[in-house]
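Chemist: Sequence:
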Amino acid sequence: MNRKDTGYTLRDISRLFLTFSVIVITTAALAGAFGVLSKNAFLQKIHPYIFFTGFGNTAILLLNRYLTAAIYPELTIRPERQRRYLYAISTALALVVASVLFALPLLKAAAGLLLLALVVQILFEVLSVLSVKSIWENVSGRYYFFDVIFLFVANLGLFTLGLNEAWPSNGIIPFFVTQSSYFLGSSFPLSISVMGFLYTYAWRNTPKMELARKLFGIWFFVFVGGVLFFLVVILIGQYVSMMLISHLLMFGVIALLATFAVFMNNYFRCHFAHPALAFLLGGLAFLLATSGYGIMNIYYGKGILFGTYPPIRPDKMWIYHSHTHAALLGWITLSFTGMIYIVFPAIQRTGTLELLQSGDPLEQQLDRSTMSKAFVQLTAMLLSASVIILSLYTGEEAALGIGGITYGCSVLLLRRNLMRDPALGMRVKRRTKDCR
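Quick note on numbering: the sequence shown equals residues 142 to 577 in my numbering.
Bear in mind the hints are in silico, worked out from the structure with no lab data behind them. Keep in mind that this is a model prediction, so the values were computed, not measured. Hints are supplied without guarantee of correctness; some may be wrong.
To be verified - Here are the simulated EDC-like cross-link-like pairs (lysine to aspartate or glutamate), alpha carbons at most 16 angstroms apart as the crow flies:
{"no.": "1", "residue 1": "K180", "residue 2": "E537"}
{"no.": "2", "residue 1": "K355", "residue 2": "E278"}
{"no.": "3", "residue 1": "K180", "residue 2": "E538"}
{"no.": "4", "residue 1": "K186", "residue 2": "E306"}
{"no.": "5", "residue 1": "K443", "residue 2": "D456"}
Stated by the list, open to error - The calculated label-pair distances, taken between Cβ atoms and stated as ranges, are:
{"no.": "6", "residue 1": "S382", "residue 2": "E221", "range": "29 to 37 angstroms"}
{"no.": "7", "residue 1": "D501", "residue 2": "Q185", "range": "38 to 46 angstroms"}
{"no.": "8", "residue 1": "K274", "residue 2": "T491", "range": "15 to 23 angstroms"}
{"no.": "9", "residue 1": "M458", "residue 2": "R222", "range": "39 to 47 angstroms"}
{"no.": "10", "residue 1": "G566", "residue 2": "A258", "range": "53 to 61 angstroms"}
{"no.": "11", "residue 1": "S510", "residue 2": "E351", "range": "14 to 22 angstroms"}
{"no.": "12", "residue 1": "T535", "residue 2": "G148", "range": "52 to 60 angstroms"}
{"no.": "13", "residue 1": "D501", "residue 2": "F317", "range": "21 to 29 angstroms"}
We put the beta carbon where it would ideally sit given N, CA and C, even for glycine.
All chains should be built: construct the whole structure from the sequences, respecting the hints.
Modeler: Shown next as structure tokens:
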């Protein structure tokens, strides 16, 4: 499963993934915070690009690959190839930063083309081993495969966005290819990946597994199909359809949040307080807030053509920003932090995907002190994210900036907690190496 290439192991690449992800998310948060405090237009513009180009691709191309291989053991993980993915993503990220900094949109297009090549390679690897039927029959496999498809579309959006900015009067690229649509499209694969993860592990040992399978099968069509149909009705400007679909999705999120809260309550009562589940619950709570702000955005954006700026009445821009920040800081980042608190220790324990495949990745793998610090991290992230969203409404820029700095620093605790965990033994190994 974790075949060695030139001595590089699955443990090694998972550590690189952890370090890279934390650096990218922290950099994005701090760039946004200091952009507000210094009123620097470049920092304010670049921080979502950093998040989606850097973390958005890394999460799907690496972490999602582990989750997919845990379901289908015939898929091989090649650590050296994944390291090259990180190099390529870093190159794409540098191209996007240079594109925004020096107003060279073709560099953005080049970054999108590079990322498209990576996604195509992943799709080829999966489809050369698995049949479409085997993917479709597994509920989680269905989610994990479609988030790669959506990532392809998102990177295609980055590529065409660069071309559209370079030649705005080309007459070929559709009007809706804008920064906002790229960010929106980049959030979908991350959301789909979290949904698949929730089904695979949160309901893994429940006595109502068959019911959960059916419900998540239905939710796949509601969520993925609803999102696709939602994009169509946005483009044609069907206000009533937008409202109906957005409310349907919100009610689905409420059901998902309620059932997961019940599951977590039962788990904590019978097992132990796993911080990852608390992160995932917090993420779902922010997904509900994201849905609410999205409905408000539709209401106040009535009559405004998708792709124009601002995408809502100017006096209601705080709703649009609250919608995007609730999704980025809450739903996506909190959820993936919870996922990493499960996947990373499982890989470090055995050096394989064994625990994710047939074992119990929710068992207590971390030291109690690490779990306690994880709850401290969760508290800091929840409070700072709440301050940021409240500040968007009140317009308090100082609080907004301080909230962003606090959030960025709290993300750093993820790597510190895991890399210093005594139960995983990584700190001891580092000391031994230094003594030599």
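Chemist: Hints first: check each against the structure and report whether it holds.
Modeler: Status of each hint after checking the structure:
1. Restraint check for K180 and E537: the C-alpha separation of about 13 angstroms stays at or below 16 angstroms, so the hint holds.
2. Annotation: proposed proximity of K355 to E278 holds, straight-line Cα distance about 12 angstroms (limit 16 angstroms).
3. With a CA separation close to 10 angstroms, the supplied pair K180 and E538 stays within the 16 angstroms bound.
4. Simply put, K186 and E306 have alpha-carbon atoms about 15 angstroms apart, close enough for the 16 angstroms limit, and the pair holds.
5. Between K443 and D456 the CA atoms are separated by roughly 14 angstroms; this keeps the pair inside 16 angstroms, and the hint holds.
6. Taking 29 to 37 angstroms as the suggested C-beta distance range, the pair S382 and E221 does not conform, at roughly 48 angstroms.
7. At roughly 44 angstroms, the beta-carbon separation of D501 and Q185 lies within the given 38 to 46 angstroms, and the hint holds.
8. Distance hint check for K274 and T491: the Cβ-Cβ separation is about 30 angstroms, which falls outside the suggested range of 15 to 23 angstroms.
9. Taking the beta carbon of each, M458 and R222 are about 43 angstroms apart, inside 39 to 47 angstroms as hinted.
10. Remark: the range hint 53 to 61 angstroms for G566 to A258 is contradicted by a beta-carbon distance near 37 angstroms.
11. As the Cβ distance of S510 to E351 is approximately 39 angstroms, the hint placing it in 14 to 22 angstroms is violated.
12. Between T535 and G148, the C-beta spacing of about 54 angstroms keeps the proposed range 52 to 60 angstroms intact.
13. Our hint of 21 to 29 angstroms for D501 and F317 is violated, since their Cβ atoms are close to 45 angstroms apart.
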